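Each protein sequence line maps, in turn, to chains A and L.
Position 106 (the first sequence) corresponds to 106 in this note's numbering; numbering is contiguous.
Take the position in the second sequence, starting the count at 1, then add 381; the result is the number in this note's numbering.
Bear in mind the hints are in silico, worked out from the structure with no lab data behind them.
Note that the structure is predicted; figures quoted are calculated from it, not measured.
Even for Gly, the Cβ is constructed at its ideal location relative to N, Cα and C.
It is possible that some hints are incorrect.
Stated by the list, open to error - Here are the in silico distance ranges between beta carbons for each label pair:
1. H263(A) - E498(L): 18 to 24 Å
2. V405(L) - A367(A): 30 to 36 Å
3. R19(A) - A517(L): 44 to 50 Å
4. E396(L) - V363(A): 18 to 24 Å
5. T496(L) - G271(A): 44 to 50 Å
6. P681(L) - Q296(A): 38 to 44 Å
7. G553(L) - T293(A): 18 to 24 Å
8. G526(L) - L31(A): 20 to 26 Å
9. R16(A) - E624(L): 55 to 61 Å
10. E396(L) - R19(A): 48 to 54 Å
11. G553(L) - R16(A): 27 to 33 Å
12. G274(A) - R465(L): 33 to 39 Å
13. Q296(A) - T496(L): 26 to 32 Å
To be verified - Reference excerpt, derived from the structure (chain A facing chain L, CB under 8 Å, subset only):
14. K10
15. F12
16. R17
17. E18
18. M20
19. D121
20. G147
21. Q215
22. F222
23. T224
24. P225
25. V226
26. A229
27. F233
28. A352
29. A355
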Amino acid sequence: MNGFWAVLWKEFAHLRRERMTLFFALIVPSLQLTIFGYAIRVTIENIPTVVLDLDGRQDSRRLVEALEATKTFKVRERVTDFDSFRRSIAAGRAKVGVLIPANYSERLLRREQAAVQVLIDGSDSQVATTAQNTVGLLVTQLSIQRGKAMAESIQAAVARTEEGRLAMPIDARTRLLFNPALESSHFFVPGLVAIILQLVLLFLTSFSIVREREQGTLEQLFVTPVGRAGLMFGKLVPYTLLAMGELLLVLVLMVGLFDVPIHGNLGLLFGLSGLFIVTVLGLGLLISTIAQTQLQALQFSFLVMLPSVLLSGFMFPRSEMPLPIYAISTVLPVTYFVEILRGVILRGADFADIAPSVLGLGVCCVAILTFSLTRFRKQLD
Amino acid sequence: MVNSEVSGDGVICAEHLTRRFGDVVALNDVSLSVPRSAIFGMLGPNGSGKSTLIRILCGVLRPTSGTGSVLGIDVRADPEGIKRRIGYMSQKFSLYGDLSVMENLEFYARIYGLTPERQKEREAAVLALTGVGAYANRLARNLSGGWKQRLALACAIIHEPEVIFLDEPTAGIDPVARRELWDLLFELSHRGVTMFVTTHYMDEAERCTHVGYIYLGKLIVSGRPDELKGLAEVTPAGTRRYEVSCAAPAAALSRARAMVGVRDATMFGTALHVMVDEGVSEAALLAAIAPGDGAASARPIAPTLEDVFVLMSRRQGAAA
């Protein structure tokens, strides 16, 4: 540990001098969290919709109102001829087109099946699926209402509640745990904390070492009595402290700005964050042993960041991934940390609940540190 | 191989040092010895093995075979012991540009583990010697080339090392700063510090107490400059050296090279250095290489170090 304090002091002097580093480490993550936290919303609402109502009577107007009431659809245009209807979808102004035939009300009155045509732009599969499901659900509900009214009038029922009211034969009682308002930010923001923490730490550590190599100061240090451990820890400890500050900042933002409450134990949260931080520092060290220039360090960091964002389960559920991709996700430390964060923050999980993820992160940590330390030591020889 | 002074009692010693990188022999059987408070100048083309030799002697790189020692400490047995007692200054500015002059000094003082009192004392001493105190609070990257090198030297001697390795310390700085840096080196030498300097400049080599020339990993020649100039291989029996000044030196050079009795001819600025057989007189030489030039003159000269190095590397090339 020879020279540890000297290197530590020097790194703080760099941080004091290079304000950009502090800006990058503290301000940029806050901005990222704010911007991404607001931008990433998976609840699909207000799909632009065009309506061609050839019937125009009470029943058809009620159908259109019901569509709008779901909030999934937003009627942008009401057209009167089929050509404008088709054009509106082709031009992309509307993603959904609802065509109500002229005989809609009559057929309902005559107790015949009335057909409503719904055209959905399938290019964005998520929007299309949502539109399809919502329309299906809506039409079923409207049909049931008519069915109930009908059953009431003839005093027959498939099922009744205990109070004797007409009811559905089967009642599914769903209860939303942990995130009752289904706020997508609750799901995304904790994952984002992990991604941002990794992004900033990876760049800072790999840059700080590669910069010394590029400047020739590393060569100069090798001819001094500074020890390998002293050099390495002297460089990593300041960034660990910085990372802890950054973590605190983004967590405060998460709670304050996005109202995501932390249900779990704070000590557990910070302890496991510490484990993740050490793992990422090791990853940064590994990059610095491979990259010769800061540009290369940047490229390698992106190489790590891309799968971390796409495959860690942060954006897409891992359970949907094909096996090879799933295998890749298991070697990414951030995969486990995203699961840990979601567990502790959203579900109030304790250590036993998240033990598998902790084990996974621990294995990643030991493997990465061993590998990068071996490489780092070898390069100094 | 000419080596006038190989003994085990030097401050810096190398015996049969060899270093291979894969199939490449970067350093081939190099032996040398540098006595206390000497300034040893090592010359040689880029990639000839100068830096490899320095890295081995500084304890950064292990030799493949052979032994080396600095201040009696073996480079294999205790490289860390060597690092504590030597200073190192590299060819490229390798201090922290975003730290101030004082911060750089303080960092190296801490690296060498100086106590606070000792640190104060040494900082005052190196500031007085190098004069960088005038820019104490300036960021190192904002210093001019010469001052950067002074700061690098100040950092290299903060722990009062007995030996300093300087890898092309004057590369790329202006002539005034170069001279001032050399004055500093002489000052240190007077105080008993031993220095090992690599350089490309012949005039710097002439200032060293000892010089060596390394070529393709082999130390071709080493010793005191005057000894080397007096070597029989440099001025063989029965030859003389002249410096010829004339109006058309380029034409004279090609004539001289074609002339019988001329052993060697090279340009030195606007003059010509020629080595001729004793039988060729000054008048005959001038008449042959500068015909019709009444102002042409020739004067007998002693060989320069450049002559020595050029000749010795040619002999080496011919032998290989």
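* Whether the CB-CB distance between E396(L) and V363(A) falls inside 18 to 24 Å -> Cβ of E396(L) to Cβ of V363(A): about 50 Å, so the range 18 to 24 Å is violated.
* Asked: At a threshold of 8 Å, is the proposed contact between A229(A) and chain L supported by beta-carbon distances?
  -> Where the cut-off is 8 Å and the nearest Cβ of chain L is about 13 Å from A229(A), the hint is violated.
* Cβ separation of T496(L) and G271(A), checked against the hinted range 44 to 50 Å -> Violated: the Cβ-Cβ distance is about 38 Å, outside 44 to 50 Å.
* Asked: When the nearest CB of chain L is found for A352(A), is that gap smaller than 8 Å?
  -> violated, 46 Å
* Under the criterion of a CB-CB separation shorter than 8 Å, is R17(A) in contact with chain L as hinted? -> This interface hint holds because 5 Å falls under the 8 Å limit.
* In this structure, is the beta-carbon distance linking G526(L) and L31(A) contained in 20 to 26 Å? -> Taking Cβ atoms as reference, G526(L) and L31(A) lie about 40 Å apart, which means the hint is violated.
* Asked: Range hint 30 to 36 Å: satisfied by the CB atoms of V405(L) and A367(A)?
  -> At 35 Å between Cβs, range holds.
* Asked: Lying within 27 to 33 Å: is that true of the beta-carbon distance G553(L) to R16(A)?
  -> holds, 30 Å
* Interface hint outcome for E18(A) [beta carbon to chain L under 8 Å] -> Interface hint status for E18(A): holds (6 Å vs cutoff 8 Å).
* **G553(L) versus T293(A) beta-carbon gap, inside 18 to 24 Å or not** => The hint (18 to 24 Å, Cβ to Cβ) holds, given that G553(L) and T293(A) are roughly 21 Å apart.
* That 44 to 50 Å hint for R19(A) and A517(L) (C-beta), does it hold up? -> violated, 22 Å
* **Hint status (Cβ of M20(A) to nearest Cβ of chain L, threshold 8 Å)** => violated, 11 Å
Violated hints for the displayed structure, listed by number in ascending order: 1, 3, 4, 5, 6, 8, 13, 15, 18, 19, 20, 26, 27, 28, 29.
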